[in-house]
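Participant: The lines below spell out each chain.
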Amino acid sequence: MVTPSADRERPVVSVGVPDRGQAHTLEGMVAALIMLSAVIFALEMTAVTPLSASTSSQHLENQQGATAQGILASAAETGALERAVLFWNASGEQFHDTTDLGYYASNPPPNDLGRMFDRSFNSRGIAYNVDLVYEGAEGDVRTKELVYQGRPSDNAVGAGRTLVLYDNDPLYDDGGAATGTNVSDTGDYFAPDVSSGSVYNVVRVEVVVWRI
Amino acid sequence: MADLRPFGASPESGARERAQLILVAGFVIAVVLIALALVMNSAIYTENLATRSDSSGATDAVVYQRAVESAALEAFEYAHAVDGGDHASLEANVTDAIAGLDAVSTQQEARRGHVPNVSVAGTVHGTAIIDESDDFASEEDDANWTVAGGISAVRAFNVFVDGRSDLRERGDDEFRIVANDTANADRWHLNVTKNTSTNEIVVGVAAGGSFETCRHNDDTAWVNVTAGTVAGEPCDALTFAEGVSGSYDLEYRNGTAVRGHYSMVVDDGPGRVYSSPDSGDPRTEDALYRMTVDLVYRTADLDYRAKIRIEPGDHDG
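Here the protein sequences come in this chain order: A and B.
Take the first sequence: its position 163, counting from 1, is numbered 182 in my numbering, and each next residue is one higher.
Take the second sequence: its position 207, counting from 1, is numbered 208 in my numbering, and each next residue is one higher.
Hints listed in this document are in silico derivations from the structure and should not be mistaken for laboratory results.
Heads up, the beta-carbon is just placed ideally off N, CA and C, and yes, glycines get one too.
There could be a bad hint or two in this list.
Computed beta-carbon distance windows for the label pairs [claimed, not checked]:
1) A:Ile-59 to B:Ser-43: 13 to 21 Å
2) A:Gly-206 to B:Arg-113: 25 to 33 Å
3) A:Gly-40 to B:Ala-51: 40 to 48 Å
Based on the provided sequences and hints, a complete structural model is requested.
Facilitator: Here it is in structure tokens:
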């Protein structure tokens with residue numbers, strides 16, 4: 020009488036299969052969730068900061084790059100850029116009111132260009148460095164820091180603007196007014212006179228911007 | 002854990018394989034989801050890069066062009082202000098300046114993989130005519146005279162009018178500046194008069210059969226003839242030599258009916274040279290009317306070329 024009892028068992032199997040199919044699907048999903056949770060957990064272990072690369076950072080890079088470019092363009096048109104580069108204290112051999120290190124740090128330069136940076140970046144928690152790239156006396160390319168706020172992050176963006184200084188361009192005093200001293204009259208300016216003609220030097224103002 | 006065995010099957014009959022299957026399915030789903038997220042992210046990133054306008058360095062080229070434009074203008078003005086010599090000396094001065102700019106900036110741009118080249122393509126000689134003597138009469142004290150004959154362009158034409166004395170009401174003896182193209186019978190003129198009842202200086206422009214005025218309520222006014230401004234305010238009617246296309250004579254009429262001074266740069270010899278001026282006479286100086294600068298800017302993906310025309314105070318620009 021073994022065979023009949025085996026026949027009775029088979030219908031029970033066919034009734035039970037659909038329930039188990041659902042269970043298997045659910046298990047699959049739960050396994051996936053566990054996997055994803057593990058990935059998320061692993062990502063959380065590495066600190067995600069505002070400096071971490073992400074899609075939104077790329078858009079911010081675009082915006083910050085465009086802002087820096089815009090500031091330089093408008094400063095160049097109004098002459099603020101040239102005044103900032105010539106904002107030089109000939110007796111102290113550095114820019115007016117800088118830190119002991121010879122460049123501006125957390126406070127922007129006290130001139131029109133500095134105020135433009137201040138309005139656009141300082142108030143929004145955005146850091147920036149401003150470098151002046153010029154030709155040295157031996158024909159080499161040198162860099163003078165105008166503003167240094169730290170080492171840029173991986174998400175930093177840059178913008179630059181070329182500025183030509185002429186022999187008769189005046190230095191500016193700490194109030195922003197032109198002094199009687201031309202850039203070619205003083206030997207204490209950071210950039211030397213590299214051209215026999217009326218051009219004194221060519222300074223490329225480079226701005227690096229990043230979020231902090 | 003759900004029962005992975007078919008009901009009644011022994012643990013040895015394939016249950017282990019099905020448990021593996023479910024785990025593998027879980028893995029596959031997780032991997033697919035992560036892959037989807039990656040694909041989405043890279044699509045957004047690609048779009049972000051693709052919509053950046055400066056991927057080929059075109060923005061850099063335009064920014065550099067703008068820097069060269071302002072530098073070339075400064076070199077042009079420097080040459081006239083500091084050098085002040087003859088045409089050859091002025092040309093040498095601007096050519097040296099542009100060569101110096103080119104040498105230094107090429108080195109700086111080359112660090113970024115960009116190669117610019119800037120050179121002076123050519124200059125147009127001109128003559129500056131200046132009279133700071135409070136008098137609009139000629140060297141021979143004529144009231145009606147030709148300031149410059151056979152010219153085709155004037156730039157930086159500024160007239161300072163002192164309305165406190167001599168400036169007339171509108172009429173036959175009013176002061177006029179005339180651009181007279183006798184060959185084509187084209188004529189443009191501007192008059193400067195005083196409205197004594199309102200105490201205004203009135204600048205009237207006759208062009209193309211119409212006559213329009215701009216007013217300034219003060220005793221004195223700078224009229225920038227080529228820029229089209231009266232005392233710094235834009236004057237819509239004032240477009241220098243409008244309707245005069247060929248070469249023309251620039252004439253003053255009733256030069257004794259106004260007090261003030263003037264300066265201009267014309268694009269040719271004035272037809273005469275005011276060589277030995279008395280204190281009350283106009284004088285001429287050699288000047289460059291225009292300078293053209295060739296700009297080439299190359300990057301890996303871009304070959305950008307432009308001609309920059311330096312012509313400060315030009316009425317076309």
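Participant: Each hint needs a verdict: does it hold in this structure or not?
Facilitator: Hints, one by one, checked against the model:
Between A:Ile-59 and B:Ser-43 the beta carbons are some 19 Å apart, a value that agrees with the proposed interval 13 to 21 Å. At about 30 Å, the beta-carbon gap between A:Gly-206 and B:Arg-113 stays in the expected band of 25 to 33 Å. Checked against the given bound of 40 to 48 Å, the beta carbons of A:Gly-40 and B:Ala-51, roughly 45 Å apart, stay inside it.
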